[in-house]
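Protein sequences, first through last, are from chains A and B.
Counting in the working numbering, the first sequence runs from 430 upward without gaps.
Counting in the working numbering, the second sequence runs from 233 upward without gaps.
Keep in mind that a hint or two might mislead.
Unchecked claim - No more than 25 Å apart at the CA atoms, straight line, and that leaves these computed lysine to aspartate or glutamate pairs for DMTMM-like:
hint, chain 1, residue 1, chain 2, residue 2
1, B, Lys-491, A, Asp-458
2, B, Lys-436, B, Asp-480
3, A, Lys-469, B, Asp-461
4, B, Lys-286, A, Glu-512
5, A, Lys-469, B, Asp-480
6, A, Lys-474, A, Asp-486
7, A, Lys-469, B, Asp-464
Stated by the list, open to error - Negatives, chain A to chain B, calculated, CB over 10 Å:
hint, residue
8, Lys-438
9, Gly-452
10, His-463
11, Lys-469
12, Glu-485
No lab work stands behind these hints, which were simulated from the structure alone.
For glycine and all other residues, C-beta sits at the position ideal for the given N, C-alpha and C.
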Amino acid sequence: MSAEDNAKKGKGTVFVRMEVCKGCSYCIDFCPTHALDFSKEFNQKGYHFPVLNRAEDCTGCDLCGLFCPDFAIFGARWKDLDEKRQQAASQVEP
Amino acid sequence: MSESLDLRLALAETELENPVLPYLRQDRIPHIWCPGCGIGSVVTSFAEAVRRSKLDRDKIAVVSGIGCTGRVAGYVDFDSMHTTHGRAIPVATGLHLANPDLKVVVFSGDGDLTGIGGNHFIHAARRNMNLTVICVNNFTYGMTGGQVTPTTPSGANASTTPYGNYEYPFSLPFLADAAGATYIARWTSLHSRNVTQSIEEALKHKGFSFVEVISPCTTLYLRRNRLGDGVDTLQYYQDNSILKHGADTRETAIDFQGKMLVGKFVERQKPTYLDAVNATCAKLIGDDYQLYGKTPPEKEAEKKAAAKGKKKAAK
Ligand code: SF4
Ligand code: SF4
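Next up, chain B with everything else stripped away, as it sits in the complex (with noise of 0.2 Å):
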């Protein structure tokens, strides 16, 4: 499969067609989003990630929730899953539980993980679940015509707010980090080298790891707002943007047309839910457990030690 792929690329490029095309759907392209949306230019960063991670691209599996972010499940070219609103998490759990060996992405944006699935959402991160979840965070919901989210700024525009907002936002990597994720990077779509070395670690990464991408909305959030088109958000993006890395997740949040953080937040590492499985049953059952869900690379190298253990007893 891998090498027929690389075979497919090497073809791809010299026919000179997009590097990203074959990690696409090609037949559902064009897509529906609209000029200026920020979702695309993360799918190529993914594209990218993924292209550099070397992953086999049968052991990724990606899950969407609904909305405009949640159309990417329909879009790129793995084993994809388009769930119901805000329950992309649950899915992605019940996927990785059942199948440890896949990679598992959640890929949806930011009224679908922190709103509809908040609850979903924390306790993946508190549990530390073994999945990689990518949120493009456009401060609005833009399918169902521009509601406010949990992470729309105080005093924006919506078109349930229409005389501004006068909630308080969540600050995404703050609930993140609070809850216990243990992978956290905020870039804007305009960082997109950024965007794809932090998706490509946080593929690597082994835990729950959370990428959250700022993106413009161009037809609802912007319009609404009268913040001008998509080059404009960029361009603010680019001038208010302050690179922190390892920042303190308290200082994240995001004030209407402000100042905002970006960097890799926090990595460390911390047992995984299956880890704390295992390591309970071990201890219930004794030697007789079989370890569920290790990685082929983990197993091998269990078994290389069993059989070094194995050697030093008998001499």
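Chain A with its partners taken away, still in its complex shape (with noise of 0.2 Å):
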């Protein structure tokens, strides 16, 4: 499920690099809103990786990106994303 698929349910969204997760569920544990789960399916490396089970409670504020070791999980607000690729858009086309 890619996070473009989620209606904006919430303030924000996260993004995850199942990859590359270890599973330390640090993001899980910590995130303030409790908004994130273990996944049923485990990623290449045998490891669950975390799914954004309850969108509407995300914020974006990005603490899991913080605490993640991995460089796995990042958090952003719809806010700052659109306006992000907005920008990214005008700048590529001319």
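Join the two chains, each given in its own frame, into one complex according to the hints.
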């Protein structure tokens, strides 16, 4: 499930690179709104990675991104994302 | 360079890529650190601090010694050097003196910096060498199998002290303070935002700046001492760290699973090693001596001051 498919439920969302996650569960246990859960599936290396099960609770605070020791997850606010997308689009086009 | 980096960053973020990745050698990721090891979080904080400090990436050099934390030099996408065990600070000192325009960052572990290379650490601090030293303190030699380090708390189990450590440990902020460091902060890997801010301040600080980050070693220190996993340790950090900015560094010792003080303990200004060299040479040689190792803004400010002085003299 890519985050793009998520309707913009909460104030933000997370992006997970599941293939580099090592399943330490820092992001899951220290998420201030408990929006993340372990996946049922495994990644290539046999770890469960986080999934955004309660998208409506995610505020995009990026605390998971700060804690993740494996650079596997980061959070962003929809507001900032939309702005950046527009900016980049205007930079690339001309 | 910096413009293209900005573009790369903007693109990276729109392609929904982790904002830390542009600062890493992505062909080397995933890294070798164990699940739950705190070193990766410190690297994230470092990358964020560099981004915020707006320093030129080409003017930053990262030097590491040997050990788990020593691998950082191989993962960050800066000019970097992976040196022999304990010798990160001498190499960094040489790098800084040969090219004073560089901002040299030493990124290494407690065993490497204060065990094997303890002598270099205190002397770089004593000389107030203009370096930023980030020490990831996990109380053990991770890569070589969990031996006791100078910071292992008394009573803790290590592979060389299977019945508990009977030595007295170093308190690194106290050591650095006594040796003469001019910026000292300690955080745990839980305090990501504070670590980022301290590293940013340390990067901007002129003189020997030291940031200690207490971090969990899940595979060796925690397992040998039956302290649970990384999450339990972060919880312990949350419950037992006491924020005290400007604390007396004599109080910063850490007992086994005891309370620990965190915060920015010391920030003061003192002439750096190069300043002292310059002052002595200027005294010996007189006006002909060209100051060595001024940063470009300082040089500009000096030129302006000199021009002003001349104008005044002409009047
Ligand atoms: S913090 Fe990172 S490595 Fe740990 S479970 Fe979350 S995504 Fe995976
Ligand atoms: S051995 Fe310890 S310090 Fe080394 S990578 Fe594993 S957890 Fe981290």
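Hints versus structure:
no.	hint	in the structure
1	B:Lys-491 to A:Asp-458	holds, 22 Å
2	B:Lys-436 to B:Asp-480	holds, 23 Å
3	A:Lys-469 to B:Asp-461	holds, 21 Å
4	B:Lys-286 to A:Glu-512	holds, 21 Å
5	A:Lys-469 to B:Asp-480	violated, 49 Å
6	A:Lys-474 to A:Asp-486	violated, 29 Å
7	A:Lys-469 to B:Asp-464	holds, 23 Å
8	Lys-438	holds, 17 Å
9	Gly-452	violated, 6 Å
10	His-463	holds, 14 Å
11	Lys-469	holds, 19 Å
12	Glu-485	holds, 20 Å
The earlier numbered hints that this structure contradicts are 5, 6, 9.
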